[in-house]
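> In case it helps, the working numbering puts the sequence shown at residues 12 to 459.
Everything labelled a hint here was simulated from the structure, so no lab data went into it.
One should not assume that every hint holds.
As the list claims (entries may be wrong) - Calculated pairs, DSSO-like style, for lysine-lysine (alpha carbon to alpha carbon, straight line, at most 27 angstroms): (1) 201 <-> 219; (2) 193 <-> 230; (3) 363 <-> 230; (4) 230 <-> 219; (5) 368 <-> 193; (6) 62 <-> 290; (7) 230 <-> 201; (8) 219 <-> 62; (9) 193 <-> 363; (10) 62 <-> 98; (11) 230 <-> 368.
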Amino acid sequence: MTRKQTLIQQIISGLLFLAAIVLIGVLSARYKTEFDWTAGNRNTLTEASLKQLQAMPGPIVITVFAPSGADVRRSIETDMGRYTRAKADIRIEFIDPSANPQKVKEYNISSMGEIVVDYQGRRESLRATTEPVVTSTLQRLAYGGEQWVVFLEGHDERGWNDPENPAALGRFAQVLRDKGLKVRGLNLVKEGRIPDNTSVLVIASPGKQPLAGEAQQLKEYVERGGNLLWLADPEAPAGIDPLAQALGIAWQEGVAIMPEYQVIGTGHPGFFAAVGYPKNPVTQGFDQITLFPFARSLVGNPAAGWSLAPLLISSEAAWLETGDISGGSVALDDKDIHGPLTVGLTLTRERKGEGDKTVTQRVAAIGDADFLANAYLGEVGNQQLGLNLVQWLASRDAQLNVDVPKAPDTSLLLPGWALTTIAAVFVLLLPLGLLGWGVARWMIRRRR
12 MTRKQTLIQQ
22 IISGLLFLAA
32 IVLIGVLSAR
42 YKTEFDWTAG
52 NRNTLTEASL
62 KQLQAMPGPI
72 VITVFAPSGA
82 DVRRSIETDM
92 GRYTRAKADI
102 RIEFIDPSAN
112 PQKVKEYNIS
122 SMGEIVVDYQ
132 GRRESLRATT
142 EPVVTSTLQR
152 LAYGGEQWVV
162 FLEGHDERGW
172 NDPENPAALG
182 RFAQVLRDKG
192 LKVRGLNLVK
202 EGRIPDNTSV
212 LVIASPGKQP
222 LAGEAQQLKE
232 YVERGGNLLW
242 LADPEAPAGI
252 DPLAQALGIA
262 WQEGVAIMPE
272 YQVIGTGHPG
282 FFAAVGYPKN
292 PVTQGFDQIT
302 LFPFARSLVG
312 NPAAGWSLAP
322 LLISSEAAWL
332 ETGDISGGSV
342 ALDDKDIHGP
352 LTVGLTLTRE
362 RKGEGDKTVT
372 QRVAAIGDAD
382 FLANAYLGEV
392 GNQQLGLNLV
402 QWLASRDAQL
412 NVDVPKAPDT
422 SLLLPGWALT
432 TIAAVFVLLL
442 PLGLLGWGVA
452 RWMIRRRR
């Protein structure tokens, strides 16, 4: 090959190399590929967040109050980029507080770097830009108006405003608040009536029978079309006969016994672990195990117009123990009720609302309140099932199974010996080793 041919080949190779670089640059500007290798894909939106965005038609405006060139701007753009890539009509606006004091006053901004989210005329500030915080904020903004979850009080029910008592429902009430629902208590003797803006009335296992007038009001609330969550523990009186008759349900006395408890590992035959669910809108797409300590069963013969759907059903090997279980030894006998047992069910009926619009009235009855108590709310899927129940009862179907889990790798916990070892290596051994190596090299060179 002549020198001229070699030169031509080199020129062509150089041009091809330059063309490849230009082509890669153009493609990289038009297309973007990302890989998330964090534990649990922490930097990628979960299915729950994507589902929430799909349920929010229309633009979302995120306003960030930060000075030009501030590092917080880049940080927020990175965190919120996950959302803008998933929903094209999310707009991020940056405002310099010093250059636009009118906006600061309009948005009632109190600190630098504050973030405000606007959606369909509703506005809320963001405390952080982590996915659980952002998605929870979007859930609250998704629904207009006030939706109240009202807990019946005055009969030794499970407390709704105590986050410390293991038997109370305080933590669950806070979870409902985080999802945009308003929570309050109701003492019928004091207030005299159930508020008209009640979205869901919760009867959380009363320890005493309501007064006759109260029971009648509860019955009338359901007859008017109110939505209801009724929890009843085995040790609590079934009671409220007018309400039970209006719904066509009957609570059975006893504790559900699960012979398979040793295989599941619940530690007691009175612990019901639901590992599967019958077809029901509350549990559609829900595949987590839920734990119900000491549950009772119920039977349903729905009144006219009502449709019944089982929610929680035990295995055929289970039974309802009507005797004493305090000794820890139980056995099926003729007095007990054979399984399968219905531990939870839902009732629905169609009724006319405002302007002759047809609405669906919803009721859920569960033979256990412990699964939502502070002590057990964090067990497997208990919190999500409780959320699904209330969201479904409040007719917020788009919110079912929308709950972003916390990232599993946000903190590193090391035992004391590991911390001591790391400190010894990096603070003592490594510096001394480097110093010794330097002295040794210096001495060797001097001898030469």
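> A separate judgement is required for each hint: does it hold in the structure or not?
Hints and how they fare:
{"no.": "1", "hint": "201 <-> 219", "verdict": "holds (17 angstroms)"}
{"no.": "2", "hint": "193 <-> 230", "verdict": "holds (23 angstroms)"}
{"no.": "3", "hint": "363 <-> 230", "verdict": "holds (18 angstroms)"}
{"no.": "4", "hint": "230 <-> 219", "verdict": "holds (17 angstroms)"}
{"no.": "5", "hint": "368 <-> 193", "verdict": "holds (25 angstroms)"}
{"no.": "6", "hint": "62 <-> 290", "verdict": "holds (21 angstroms)"}
{"no.": "7", "hint": "230 <-> 201", "verdict": "holds (18 angstroms)"}
{"no.": "8", "hint": "219 <-> 62", "verdict": "violated (42 angstroms)"}
{"no.": "9", "hint": "193 <-> 363", "verdict": "holds (25 angstroms)"}
{"no.": "10", "hint": "62 <-> 98", "verdict": "holds (11 angstroms)"}
{"no.": "11", "hint": "230 <-> 368", "verdict": "holds (23 angstroms)"}
Checked against the numbered hints given earlier, this structure breaks only hint 8.
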